[in-house]
Amino acid sequence: MNKLILSLPIILIFIISIFLLIFLLQNKDPNVPPSALLDKKIPPVNLVDLFNDNKLINLSNLKNKEILINFFASWCAPCKVEHPLLFQIKKQNPNLYILGINHKDKKHDAINYLNQDGNPYDFVGVDKKGLIGLEFGVFGLPETFLINKSGKIIYKYLGPLTKKVITNEIQPLL
Amino acid sequence: MKYSLFYKKSLFIYFYIILIFLITTISEASIESDIKNITSKLRCMTCQNQTIYSSDTEFSLSIKKIIRQKLKNNESEKEIMDFLINRYGEYIVLEPKFNKQNLFLWLFPFIILALSLVFFILRIRKNT
Amino acid sequence: MISLIGFSGLFFSFLLSILIFVIYFFQNKKYSEKILYYAIYSSFVCILISFFSLMFAYINSDFTNYNVFQNSHSSKPLLYKIAGTWSNHEGSMLLWLVIMIFYNFLFSFNKTLDNNLKKLTIFFQTLLYLCFSSYVLFASNPFLVNSIEMNEGLGLNPILQDPALAIHPPMLYFGYVGFSLILSLAIAGLILDKINTKWILVTKNWTLFCWSMLTGGIALGSYWAYYELGWGGWWFWDPVENVSLMPWIAGLALVHSLMLTQKEQLLKRWIVFLSILCFSLSIFGTFLVRSGILTSVHSFASDSSRGIFILILFLVITSFSFIVFIFKSTDSNKNLNLLFLNKTSTLVINNILMIIACITILLGTIYPIIIEVISNNRISVGAPYYNSTVLPILLPGFLLMSVAPALSWQTNKLPKLKSYLFSFILMSIITLLVSYFTFFNTWGFIGIFLSLSIIGASLISFYNNYNNYGLKKFIIYNNALIAHIGVGIMIMGITCSSVFQSESNLSFSINETKEVNGYVYKLEETKIYNKKNYQELMGVFKIYKNNKIIAKVKPSKRYYNVSKMITTEVGIYRHWFQDFYIILGSENDNKWSVKIYQNPLVNFIWFGVVLMIISGLIGIRKK
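Residue numbers (this note's numbering), protein chains in the order written: chain U, 1 to 174; chain Z, 1 to 128; chain D, 1 to 623.
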């Protein structure tokens, strides 16, 4: 009995170290928490078209499509860096519906930005006050979400997309 | 008879302390103090380990605005917290929820405290 | 060139340590002891050369050294260039090594212990040094050289350019790393079965020193956070803070337990356990901080391969130590004289409460990691958790602290019991009055009552001691009281500065005055300064009471040219009983938004801690 109590510290040390090792090897970024919306249905919000005030879509009406949602803004530098990659994704996945949401930005600046750098999006929604971003748990730009055919959010990425992330994490899901 | 006195004393002390805990502070209920109260329990997602209350980043300011609006609409603290947890995850709340997953976290300290005190009392008894 | 000298110093200290390790096994040879000691002295000199080479490189802004390039800039003021040596990961690990050898070096002059015990301790300390120096040599080398020629460095985070923060790591390491010697003493003592009075005396002295340094290091960190981070707080239950607190608590339990053994009572096994625990917690803490798995205000640039190295070091060192502990620890046959309540039992309760507090902090810190591994869900365990668990657990301890030094070892009688009871009743009345005249707050009530009780009871004990012993052996009889009064004062400071803090958000235009709690604040003017590496916009405030000026406070904002960061410098007027804390916000339409905190008795926190450190240091004795 005594020896058991005495061995307690070592047992604890091993158990704790195993958890820490597993965590370390998963290479998680402490600044990027896993999304709270994974496996949940896409929020049923309305989006007004950036280019046409009268055009509106409701996100829950986009059924049976794989969707990639990308939150961006004209003032966001990393967004500009990932911008060309969005065209690539579109080329590799012609059936993918790419939705851009212009977050906390001025319409005028956003339209100029897309006219200048190109528009990879099938639809661009306006989120001037950031309320749409709030529904998605966005707290920094850019953020990218993947939605599967049944309308569930299956993936979130925080930060500018890179070729590596696209090949290793996004492509396998499409 | 030392032991009944001992039990009485310790019971008294703990009861006293628990009683004090049960008496909540009466402060002026105002939206500002509610905002301070709620945002002190929330994590600023764009900072390195700070509360939304103590941070002035864009994220924190927008959350503060949203909370102010919700308080004006008479939403309760729980509703506001649940709203944020549904979107940002439990990570945004600094106090771990008291649910099955965190049961060990909340109870373990008090259980070993109780066990060690019991053990201690038994040793004292054995000594006399 | 300087990097080469530095690296050679490091490498030779490593080689010499291998020599010490090997020579230990040739005890019988004639010159082995001489070689052993000279190897220690020379490895100390080598690591010093290494450390000062790095410092020299910083002072000269030698950007051929990669570490200097990454963390320094030629426009940095000299003091911060010097402090920059240890303000980064690799440099701080080098400082760790210096201090580790330094303890070995100092210990080699010990005359109290048996020769065998002394040499075995040196052996294990050297072994520990070999572990950590191989980490630095292979995974954290500060002497890497730039392959391209660089004319300028990348600069240092401006909030780290601060005097308190400059001394904070060295002081912290004298505590943290010093516990390695305690571990070595414990393992050596276990193996030779020499945990006797001499061992206890030597361990007690070293533990007191390390613990006092650690207290100072932690306090400096808090003090810095208070005046630098700008929201009047000084403890955030940040993972890095928790990680420094755990060895501190274990060290405190050890210091108390070592006292227990001086009066015939013996808790050998427990003392050895705590001795091993302290440094285990230090290594564990280092792992958590440097592996990058925690979010903290305090994170170093991190790398998971470094993390794995330290985790392996942690596993190896602690499992080895605890295995020796399992097989070689024996207990004394004497039964503890536990009564309700004598000094022995209060010391045992102290240990129980401290260890549970330590376990709780550990649990809270790693729980998010465990949950994330199991369920991929990230939770936060922040201040609310620790305030609801650790604080209530410590409360009975604070209460007992007031009378514990006066209790007897043998009986459960408290001499002059009536005077203590009178003191408690008086203090509760005072507390009730204070609450009545200000406002009632649970923690405020508890904090004030506890601190008054501790101080009151300790003063009574002082008086009794003076009556019984005069000023003879003053320190031996009264040292505990000094430390406890320090704790009481600190609790008073903590309670009042949090519960009774006043916060005001005001807007000022130039020459406008506003009143807060009887004090009048006036924004006189704003000034702009151009300094060596930053530009400063300063608001000059005057504080008046009863129409007389009592202070001039100058909060400011700084823009650092190199890192392009804006920092807010708080303006503080420190008064014995209150701090006036002003933060300059943003300007709109010639009106400045200003935050003013009035923190009552906040400086008592620092006074209390200084008393604790003094008490720890003067407790170091020859007998």
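It is worth saying that the hints were derived from the structure and are not from the lab.
Do not take every clue at face value.
As the list claims (entries may be wrong) - Below 35 Å or equal to it, Euclidean Cα-Cα: the simulated DSBU-like pairs (lysine-lysine) are:
hint : chain 1 : residue 1 : chain 2 : residue 2
1    : Z       : Lys100    : U       : Lys152
2    : U       : Lys90     : U       : Lys152
3    : D       : Lys416    : D       : Lys622
4    : Z       : Lys126    : U       : Lys156
To be verified - Sample of chain Z residues facing chain D (criterion: CB under 10 Å; computed from the structure):
hint : residue
5    : Arg43
6    : Phe59
7    : Glu95
8    : Lys97
9    : Ile112
Here a beta-carbon is modelled for each residue, glycine too, at the ideal position from N, C-alpha and C.
Cross-check of the supplied hints:
With a C-alpha separation of about 26 Å, the suggested pair Z/Lys100 and U/Lys152 falls inside the 35 Å cut-off, and the hint holds. In summary, the hint linking U/Lys90 to U/Lys152 is supported, as the alpha carbons are separated by about 20 Å, within the 35 Å threshold. For the hint pairing D/Lys416 with D/Lys622, the CA-to-CA distance comes to about 32 Å; that is within 35 Å, so the pair holds. For a cut-off of 35 Å, the pair hint linking Z/Lys126 to U/Lys156 is broken: about 61 Å separates their Cα positions.
Interface hint at Z/Arg43: satisfied, since its Cβ lies 6 Å from the closest Cβ of chain D, which is below the 10 Å cut-off. The restraint placing Z/Phe59 at the interface with chain D is violated, with a minimum CB-CB distance near 15 Å, outside the 10 Å limit. Interface restraint check for Z/Glu95: the shortest CB-CB distance to chain D comes to about 4 Å, inside 10 Å, so the restraint holds. For Z/Lys97, the suggested interface contact is upheld, since its CB lies about 8 Å from the closest CB of chain D, less than 10 Å.
Taking 10 Å as the C-beta contact cut-off toward chain D, the hint placing Z/Ile112 at the interface holds, the least distance being around 6 Å.
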